[in-house]
Every structure is written in structure tokens, then in C-alpha cells.
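Using the sequences plus the hints, can you model the full thing?
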Amino acid sequence: MRSDFDKRAERLPLKVVDSVRTASANKVQGRFQAIASVFAEYDSARRQAAATKEYVLDNLADLLVELEASCLKNGVQVHWAEDAEQANRLILGIVSRAAPSALVVKGKSMATEEIGLNERLIQEGHQVVETDLGEFVVQLDDDVPSHIVTPIIHKDRTDVKRTFESHGLSPRSDEPEELAAVARARLREEFRRADVGISGVNFAVASSGRLVIVENEGNNRLSTTAPRVHIAVMGLEKVLPCDTDLALFLRLLAASSTGQRLTVYTHLVCGPRRPDEPDGPEEVHLVLLDNGRSKILNGALREILKCLRCGACLNVCPVYRQASGHTYRHTYSGPLGAVLAPGLDGVHSHGALAFASTLCGACQEVCPVDIPIPELLLKIRAEVGATPAAPWPVWAWFAQRSARWRMALKALPMVEPLARPWTEHREWPEPSGVDFRRWWDQRP
Amino acid sequence: MRVQLALTCLVDGLRGSTGVSMVRVLEHVGCEVVFDKRQTCCGQPAFNAGDWTSSGRVASAFVDCFDRDLPIVVPSGSCAAMMREGFRMLGLGAGLRVFELAQFLMNEVGVEKWRPVSRSRMVVLHSGCHGRMLGSMDSLERLLALVPNLTVVTPETSEQCCGFGGTFSMSHPSTSKGIGIEKLYRLKATGASEVVSTDWGCLLHLEGLARREGIGLKFNHVADVLAEAFE
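Residue numbers (the numbering used here), protein chains in the order written: chain A, 1252 to 1695; chain B, 28 to 258.
Source of the hints: derived by calculation from the structure; they are not laboratory data.
Worth double-checking, as some hints may not be accurate.
[As the list claims (entries may be wrong)] Over the 12 Å line for every Cβ pair with chain A, so calculated as not near, a few chain B residues:
id, residue
1, Glu139
2, Ser145
3, Arg146
4, Arg148
5, Leu173
6, Pro175
7, Phe191
8, Glu209
9, Lys215
10, Thr217
11, Glu221
12, Glu255
13, Ala256
[To be verified] To give an idea of the chain B side of the interface with chain A (calculated C-beta under 8 Å), a few residues:
id, residue
14, Phe62
15, Cys156
16, Gln187
17, Ser196
Being a predicted model, the structure only gives us computed values, none of them experimental.
The beta-carbon is built from N, C-alpha and C at its ideal position, and this holds for glycine as well.
Here is the structure:
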């Protein structure tokens, strides 16, 4: 009866829970203030964004073909990857052509986490350096991100200092500025020497072929411009119809994810260096990753493909805040992950995540594109089925007739031993003593 | 106005006095209360647990006990949300007019004043999450603000769930507890010693935790607080 998720969550050190709670509460507050200051009419902005995403899903195939044509016109080479294996092989091919044992610098990208790209590149003799500060720490720790936007939300600065020290970096203090300066000095050298830069994509515009990448640290700018080759990896659903859509989506994403009016950097990648330009990559590649997305598009969980990966639903989720991201054991955690993980990999491998929710609805409330996450979780639950299954038909037998139901309710105190998961942490509720039905029958 | 009372399992089995309070409160605002004794459970536990076949059987027997033309008033936001959203997903009960008590009093009846309750005191509100689905997150606060001798406070991060989640509290007991303890400390920090909510689900979970942990708080349903005015 008790889930493995709950057992994993219980083993988390209190310090991790505190760290996640504090950071996510701050992010919830930041989002709230940003939305109030950026949008005069937030509800209609949100409705428009949801409608645009609906349009994208309705016309996904056409928009992707249009995106490919626009990219080719811009000199960007486009590759289609059906699954993780194909994507990894494609990317390996490009990297190996750039240099037999290449130095690869990476901007933050959940799509490459999803396909396990780093391990593959390293196996094949390439060197990979994560350049987002959080991802850099994750890589030093030989860990995985615990949040899609804030990869080390589970750590505080003393933890980061310790990680740095155990890898020969010697910050003088655990002040954030000092930690950033130490990482910056190390990474600057890597950018200078790198052969290939790999990034994610936040939005790709079908009509213009612009690849849009947002960030706050400048590491993506260096990853995508300093090396000779830039490879951008994006999930199919990130396409938007027109450049003008960006005015809304850039602000919605920044406000929802980091509580900003806009991120510090917004890159519009329009192709490789042109002959009259002083710098920039010689080759730009776009890898369009399916990896289960077209299966989701044609199924009951379709709406999860509207997701912008802002992370607002993680920050506000009581379960995520208590359990942290690693407990989900998937690249995507929180309410988004509880839908996307079973969607991408099948309900039989990650369907249990859909049960790790109180269905409180806070996720849908903060979602910038109004994805009905609780409803999608319920659909997954129905597909997985109840575990254990046995009690529910018995329950239904009693609950279909009021006479049987009365008997069952009277016997409720006797089932207390069956309710051990409840009574392990809570006192058993005592009946109040008044029987409503008797009172109703006896009133004059 | 004639209204139908949907009792809910928790009131039926454990908190009968809240059913009595529901009738008194509804009659006080001029409603004639209808109660169909054939009713059992709305089917929510099995629905949330993923057994929609069992849930659908119970839910359709439940729907048969109600008249589509009369409003249904429920002492639980969670059951009310099931009767609206859950029944829609099960393909049942389209057109049922379902309201949680506080929402019904504020939005349908338009209550503007209430009598003083028996004991003048401060209470802290716990807004059940299902108000989100019913579009009535603030009706409990607006309603209790009408009671002359109640001082009503809300905790910090009042919109956060208490961690009950029905079957979630059994399948994820430790996570549920962690969320609940955080909520209890927020409630306690207001200085109030009595928690009022629209849902016995949330309240029994919080009460069970508070008693186990020795956190001194009392837990009360909004119907019982309102009915004190007639004692």
C-alpha cells in the first residue's frame, strides 16, 4: 500500500527538505510579484498563450516542416531524431566530425538530460563540461538535476563550497559571488578551448527559423558562439508560429520561472557566422527530438505538450517541496514530471508518480498555459489502476446500497488495524457520537 | 428554496453533528432541506485511487438519489468538486448543481449577516484546495467575517495544501505528514487555537497529526461554527 516514492522521500535529510522548501517558497513569491508587475491582464495573457499552444499542437507537423525550411534558409542544418538513441548517435556524429576527442561545452538543457547525452559523449572519448553554474555543480557531484530550472535547489551554499573544495577549486568563502567567480575562472578556459557547444532551445519560431535561448549567466552565449560548432537540441513541442508570439511567451516564461520581467540574456540564433561577421560558429545544427512526444500528442495526455518548462508547478507543489526532485527518479520531476515521465516512457514505468499528488490543483493555478495537471494525473491513475486493486470492488459493493453502507460505516472503528499507514503518524478519529440519520428520522 | 443535502461519508460515519448543523444553518437562511436516505458515497476514494469502474458504480447509484433541478449542498469542497469535475470525467451527472456550504451561502443565498456565536474567540481558517476547482477560494473567509464575535485570521501561505489528499494520506503517509506538520505550524503561528475549514477530510488529518504530535489546536467545521449561533 505504501508507495516507494514515500519511502524515498522519508529518507531525505531534513536539510534537503529545508533547502527545497525555502527556495521554492521564495520562487513562488517572486513569480507572484513579477506577474503582478508585468501583466496588466494576466488572465487574458494566459488564455492567449494557452490558445497559441493549442494551435501549435493542432498544427505541429506543419509547423515543424515550416521550421525546418526556415532553418535551412538560415544555414542551420536540421536533424530529426525519433528517440534518444537516434538523437545521441546523430549528435555523436557531429561532435566526432568536429574533433576526434572533442571538448564540448554545454548550456543547460533538459532535453539532453532526458536522452542521457553526456554519458554517451564521454563513453565515446569526448570531454563534456556543463557551464550553467548549477549544472556545473551537478556534474562535479556526479549527480542529476533536482529541478528543471534550478538544478541544485536541494543544496545550499555551504554544500556548494564543499563540492568545489573536493574538486580542487578553492573558494575563499561560501559567498555566492565568490563561488560564482571560482566557477567562472575555471569555465572561461573551457570556453576558449572548446570544439563544440551544445544548448537546449526554449522556443523555435517556425516562420523565421529563429532559435530562442534564454538564460541569466551568459554561459549559453559563450557555449553557442565561441566554439566552431553549435548543436541545439529541442523537444518537438517547443515550436511557435511567429516571431511576434515571443513578446508574450518570453515574458510569461521569465515571470513564471524566475520571477523576472525578462531573463538577463535572450538569444535569437539565426544561423552560423556569415562572411561579413567577425565571429560566431561555423556550423549550427538543430536536433528535433521526438522521443515519445508524438505518442503523447495523439493520446489522453496531449495537453502536457503545452508545457514551457518554467518550473512554477514544482515550486508550488506541496509534494515536490516535501520530496524534492530526486525522489521522482526521472529527468522531469514535480507535477509536470508526474505527467510527462509516464507520458514519455509509458505508464507502466513511471505511472506510480501520478499517485504522488494530493490533487490540490496549485500546479494548474500557476501554470502559464493552464495545463489541467490534476485531470491528467487522474487519467494516468485510471490507466495504471488501483494498487492494491482488491479493496475497491468490495468497497463499491458496500457503497452501492445504503443498508450495506450503514453496516460498513458502523464497522469503521474495526478497520483501524487496516489503516496503519494512517495511524502510524496520526491519531485515529473518534466518532462524534451523534448519528445524523437517526436524528433526521426522529425530528418532528 | 428547496435544497438537497449530500451528507458525505465522513459526516455520515464520524461527524454526524455536522449534518445536524448543516440542516440548521440551511433552514435558518430559509431553505427547505431534502435528504434522500438512499445516498452513500460520491465515489471519490476509488476515483482518486484509479479504479474508475468501482467508482463509476458507486457514483451512478449516488447520482440517482438526487434531483437535477434542485441545488445540492455539501459539507465538503472535495466531495463537491468530485460531483462536478469527477462526475464529468466519469461521464455522469452532467447538469448537477453542486455547492460547498460556504460557497452556497455566499454566492447563491447571498448571506449578508450572521448571529453571534456562543463563545467570542479567534479562529484560523484552512481553505480546502478544492475551492480552486469550485472557483470559491475566498467564500469561507468572507462568510466567517460576517459573524460578529469571531476574529478570523489566515495563516501564512494559506493557499498551501494540508497534505491530506484522500487515499494519498495512506499511499504516501510520510510525505502527507511532512506537508501536514508544516501546515500545523503555520496555523499555530497565528496565535489562534481553533482551526475552521469546509472539509472534514483536511480537518481529521490535521487533528490526527496534532494530537499525535502534541500540538494544541482544536478543529471545527464551518457548519458547526455557524450553528452555534442557534444554541
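Right, here's what the structure says about each hint:
1. Residue placement check: B:Glu139 keeps its beta carbon more than 12 Å from all beta carbons of chain A (closest about 28 Å).
2. Non-interface status of B:Ser145 relative to chain A is upheld: no Cβ of that chain comes within 12 Å, the nearest being about 17 Å off.
3. For B:Arg146, the shortest C-beta to C-beta distance to chain A comes to about 18 Å, beyond the 12 Å cut-off, and the non-interface label holds.
4. The beta carbon of B:Arg148 sits about 20 Å from the closest Cβ of chain A, which is more than 12 Å, so the claim that it is off the interface holds.
5. Separation of B:Leu173 from chain A is adequate, the least Cβ-Cβ distance of about 26 Å exceeding the 12 Å criterion.
6. Remark: the non-interface label on B:Pro175 is consistent with the geometry, its nearest Cβ contact in chain A lying 27 Å away (cut-off 12 Å).
7. A beta-carbon of chain A is positioned within 12 Å of the beta-carbon of B:Phe191; the least distance is around 7 Å.
8. For B:Glu209, the condition that its CB be more than 12 Å from all CB atoms of chain A is violated, with the nearest at approximately 8 Å.
9. At roughly 17 Å, the least C-beta separation between B:Lys215 and chain A is larger than 12 Å, which holds for a residue marked as non-interface.
10. With 12 Å as the threshold on Cβ separation, the claim that B:Thr217 sits away from chain A holds: the shortest Cβ distance comes to roughly 17 Å.
11. Look at B:Glu221: its CB is around 16 Å from the nearest CB on chain A, clear of 12 Å, so calling it non-interface holds up.
12. Listed as a non-interface residue, B:Glu255 keeps its Cβ farther than 12 Å from every Cβ of chain A; the least gap is roughly 15 Å.
13. The beta carbon of B:Ala256 sits about 18 Å from the closest Cβ of chain A, which is more than 12 Å, so the claim that it is off the interface holds.
14. Contact between B:Phe62 and chain A, as hinted, is supported at the beta carbon level, the nearest pair being about 6 Å apart and thus within 8 Å.
15. Given hint, B:Cys156 at the interface with chain A, holds; its Cβ is 4 Å from that chain's nearest Cβ, closer than 8 Å.
16. The restraint placing B:Gln187 at the interface with chain A holds, with a minimum CB-CB distance near 6 Å, inside the 8 Å limit.
17. Interface hint at B:Ser196: satisfied, since its Cβ lies 6 Å from the closest Cβ of chain A, which is below the 8 Å cut-off.
In terms of the numbered hints stated before, the structure departs from hints 7, 8, listed from lowest to highest.
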